[in-house]
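*Asks:* The primary structure of each chain is shown beneath.
There are 2 protein chains.
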Amino acid sequence: MTTETLASLSEGDVLSRIFPRLPAASAQLLGPGDDAAVVAAGDGRFVVTTDMMVHGPDFRLAWSTPHDLGWKAAATNLSDVAAMGAVPTALVVAIAAPPHTPIEMIEGIADGLRDCCAALAPGCGVVGGDLSASATLTLAVTAFGDLQGRAPVLRSGARAGDTIAAAGVLGEAGRGLALLFRQAVTNDGTPDAGLAEAVRAAQPGLIAAQLAPSPPVGLGAVAARAGATGMLDVSDGLAIDAGRLARASGVAVDFDSGQLGDDPDAVLHGGEDHALLATFPAGTALPDGFRALGVIRDGAGQVLVDGQPHDQRGWDPYRGWDGAAG
Amino acid sequence: MTTETLASLSEGDVLSRIFPRLPAASAQLLGPGDDAAVVAAGDGRFVVTTDMMVHGPDFRLAWSTPHDLGWKAAATNLSDVAAMGAVPTALVVAIAAPPHTPIEMIEGIADGLRDCCAALAPGCGVVGGDLSASATLTLAVTAFGDLQGRAPVLRSGARAGDTIAAAGVLGEAGRGLALLFRQAVTNDGTPDAGLAEAVRAAQPGLIAAQLAPSPPVGLGAVAARAGATGMLDVSDGLAIDAGRLARASGVAVDFDSGQLGDDPDAVLHGGEDHALLATFPAGTALPDGFRALGVIRDGAGQVLVDGQPHDQRGWDPYRGWDGAAG
Chain A
-16 MTTETLASLS
-6 EGDVLSRIFP
4 RLPAASAQLL
14 GPGDDAAVVA
24 AGDGRFVVTT
34 DMMVHGPDFR
44 LAWSTPHDLG
54 WKAAATNLSD
64 VAAMGAVPTA
74 LVVAIAAPPH
84 TPIEMIEGIA
94 DGLRDCCAAL
104 APGCGVVGGD
114 LSASATLTLA
124 VTAFGDLQGR
134 APVLRSGARA
144 GDTIAAAGVL
154 GEAGRGLALL
164 FRQAVTNDGT
174 PDAGLAEAVR
184 AAQPGLIAAQ
194 LAPSPPVGLG
204 AVAARAGATG
214 MLDVSDGLAI
224 DAGRLARASG
234 VAVDFDSGQL
244 GDDPDAVLHG
254 GEDHALLATF
264 PAGTALPDGF
274 RALGVIRDGA
284 GQVLVDGQPH
294 DQRGWDPYRG
304 WDGAAG
Chain B
-16 MTTETLASLS
-6 EGDVLSRIFP
4 RLPAASAQLL
14 GPGDDAAVVA
24 AGDGRFVVTT
34 DMMVHGPDFR
44 LAWSTPHDLG
54 WKAAATNLSD
64 VAAMGAVPTA
74 LVVAIAAPPH
84 TPIEMIEGIA
94 DGLRDCCAAL
104 APGCGVVGGD
114 LSASATLTLA
124 VTAFGDLQGR
134 APVLRSGARA
144 GDTIAAAGVL
154 GEAGRGLALL
164 FRQAVTNDGT
174 PDAGLAEAVR
184 AAQPGLIAAQ
194 LAPSPPVGLG
204 AVAARAGATG
214 MLDVSDGLAI
224 DAGRLARASG
234 VAVDFDSGQL
244 GDDPDAVLHG
254 GEDHALLATF
264 PAGTALPDGF
274 RALGVIRDGA
284 GQVLVDGQPH
294 DQRGWDPYRG
304 WDGAAG
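Each protein sequence line maps, in turn, to chains A and B.
Anchor point for the first sequence: position 221 equals 204 in our numbering, and the numbering is continuous, going up by one each time.
Anchor point for the second sequence: position 41 equals 24 in our numbering, and the numbering is continuous, going up by one each time.
In case anyone wonders, no lab produced these hints; they're calculated from the structure.
These figures come from a predicted structure and were not determined experimentally.
Ideal Cβ placement from N, Cα and C applies to all residues, glycine included.
Watch out, some of these pointers could steer you wrong.
[What the hints assert, rightly or not] Selected chain A positions facing chain B (Cβ under 10 Å, derived; list incomplete): (1) Arg28; (2) Phe29; (3) Thr32; (4) Val76; (5) Thr119; (6) Ala143; (7) Thr146; (8) Ala231; (9) Gly233.
[To be verified] Interface residues of chain A toward chain B, partial, derived using beta-carbon atoms under 8 Å: (10) Gly14; (11) Asp18; (12) Met67; (13) Leu137; (14) Gly140.
[As the list claims (entries may be wrong)] Residues from chain B that keep clear of chain A, each with C-beta distances beyond 12 Å, as calculated: (15) Ala66; (16) Ser139; (17) Arg227.
Please model the entire structure based on the sequences and the hints provided.
*Replies:* And the structure:
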């Protein structure tokens, strides 16, 4: 039995294996196969965000399945669209992969893209893409959204007195990653697929939060309709992202430690949560799925916990990567 | 004197060095700095295409300057937008680079993006992006366009009797690449920057066609207004791309060898031209910048030269790369 790799198939063969697995987008007016796609933008504008996932700094092939990779690449971009208060409409996906990559890996990525769109943003689909060769497996997803006539919800809109609230899981993605680095590597530190399987079986929630997160994509537009004044995707850790909102808005964020759970440090500094952090005018009945974490105060970019200054440390893509892959 | 690298700067520092160099887009409603950008889509639709450039298969750092890389990444995507008959409005740009990359390289890429937009698609600019670490320098550009109320010009629209015409340079990019592989490598085949400089000085047109092409982006919308029935970007070689148009349209493309210049083989099989190939109803006065290359005949995907079947060979991203970088 031979393994079919990208090098053993033509570009056309590969695309014909992938296209049928991809989800269709309701907003698609012209899909893959021409020089470009055409997507509906009902209110005369579109929201756009782009995010790359790179083998090494962003994932280990010993830990993530191809399905995980496709899922996470979609989820992180869908979350950024949601954080504007928009409804995701479409994705374009560029994949660069080593020529020896089995076609099954690309098929698995396509399945993950499809299942993530179906679960988190029904109606959103893949309208186009690109396939390249590279020494480093790389997924570049660009996602689009529809503001449905509303103003985008910016990170600069928070005002003193607002309630700060979150939707989605905080801290678990970071705990899942720490678990993998502790328990899913061999004695010399090499990521190991068998060990990762055992960790996943023991802690499915934490591992899914890291490898195939389910951000509350649908709640972005819900928050906008409920009057959110500011919003952003928590991707680098609650503390650092709260600092971004505080600086952009010219305010201070004051978290109530009683709302940060049993492990406030994991919640504040975990990273890769892809939760939504939003502010609402005082007295707003928070939409289902949001929970209050504290209040916005007069300030100039501070992050406080119970009124005391708090460290805004978080993840930096260049300083944080040691060059390892696996 | 120390070199500032991506690893020595924070993500915020890098972005603050890049943003001021990037071109603004007329269609930008919200630019970089939030979770996503917002772009105007005047006629309720947008055209979108994405294309990656990867160190190794797509460029050699010994041959391309950072400015070349930014320019080419923009140009190839702008050409795909033009090939739909659309006017480019905006780009998003994701760059993954090794941590030891000097910040000057990223600044040069930004300058190339800016200068290419200014030269080929005035008003088009960069509205967002992403910066990641990777062992392999990778540029993923996604480009948007405005159809201005027109139907997109598809590759499936050519009809028997149409004139087939091209705008832009054919064959020179491939000749430029062949020249680099012949004259800009050391005896052991290693790409060499000094030798490339000499080749560029001797043959500036051929080298620019390969490393920093200037596709006729503005002529895409011109062709659409002139009644083009079919159109595509010639990226993999005239013969293979004519075959794509022929198969999509269910016709045959018959080139007149008298119109293919002194070196028809280079014109038919060169690759990376990023010329526009378009079909117009018989008798259409071709817009300035287009030249007739032949006629569309009844058929089923054939490419003919003077009525005789012709090879559709061209570039395949996986079969064509030997794994070398340099």
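*Asks:* Look at each hint and say if it fits the structure.
*Replies:* These are the hints, each one checked on the structure:
The beta carbon of Arg28(A) is positioned within 10 Å of a beta carbon in chain B (closest approach about 5 Å), and the interface hint is therefore held. The beta carbon of Phe29(A) comes within 5 Å of a beta carbon in chain B, closer than 10 Å, and the hint placing it at the interface holds. A distance limit of 10 Å between C-beta atoms decides the matter here; for Thr32(A) the minimum to chain B is near 4 Å, and the interface restraint holds. At about 8 Å, the closest approach between the beta carbon of Val76(A) and any beta carbon in chain B falls short of 10 Å, and the interface hint on this residue holds.
For Thr119(A), the shortest C-beta to C-beta distance to chain B is roughly 4 Å, which falls under 10 Å, so the interface hint holds. Hint status for Ala143(A) relative to chain B: violated, with the closest Cβ pair at about 21 Å, above 10 Å. Violation of the interface hint for Thr146(A) is found here, the shortest Cβ-Cβ separation to chain B being roughly 20 Å, above the 10 Å cut-off. Interface hint at Ala231(A): satisfied, since its Cβ lies 8 Å from the closest Cβ of chain B, which is below the 10 Å cut-off.
Evaluation of the Gly233(A) hint against chain B yields a violated restraint, the C-beta minimum of about 14 Å exceeding 10 Å. Because the smallest distance between the Cβ of Gly14(A) and any Cβ of chain B comes to about 11 Å, over 8 Å, the interface hint for this residue is violated. With a least beta-carbon distance of about 4 Å to chain B, the hint placing Asp18(A) at the interface is held under the 8 Å criterion. Look at Met67(A): its Cβ gets to within about 5 Å of chain B, closer than 8 Å, so that hint holds up.
Of the supplied interface hints, the one on Leu137(A) holds, with its beta-carbon coming within about 6 Å of a beta-carbon of chain B, less than 8 Å. Because the beta carbon of Gly140(A) sits about 10 Å from the nearest beta carbon in chain B, more than 8 Å, this interface hint is broken. Against chain A, the non-interface label of Ala66(B) is violated: not every CB pair exceeds 12 Å, the least being about 4 Å. Chain A draws Ser139(B) into its interface by the beta-carbon criterion, the shortest separation being 8 Å against a cut-off of 12 Å.
Not every C-beta of chain A lies more than 12 Å from that of Arg227(B), the closest at about 9 Å, which undercuts listing it as non-interface.
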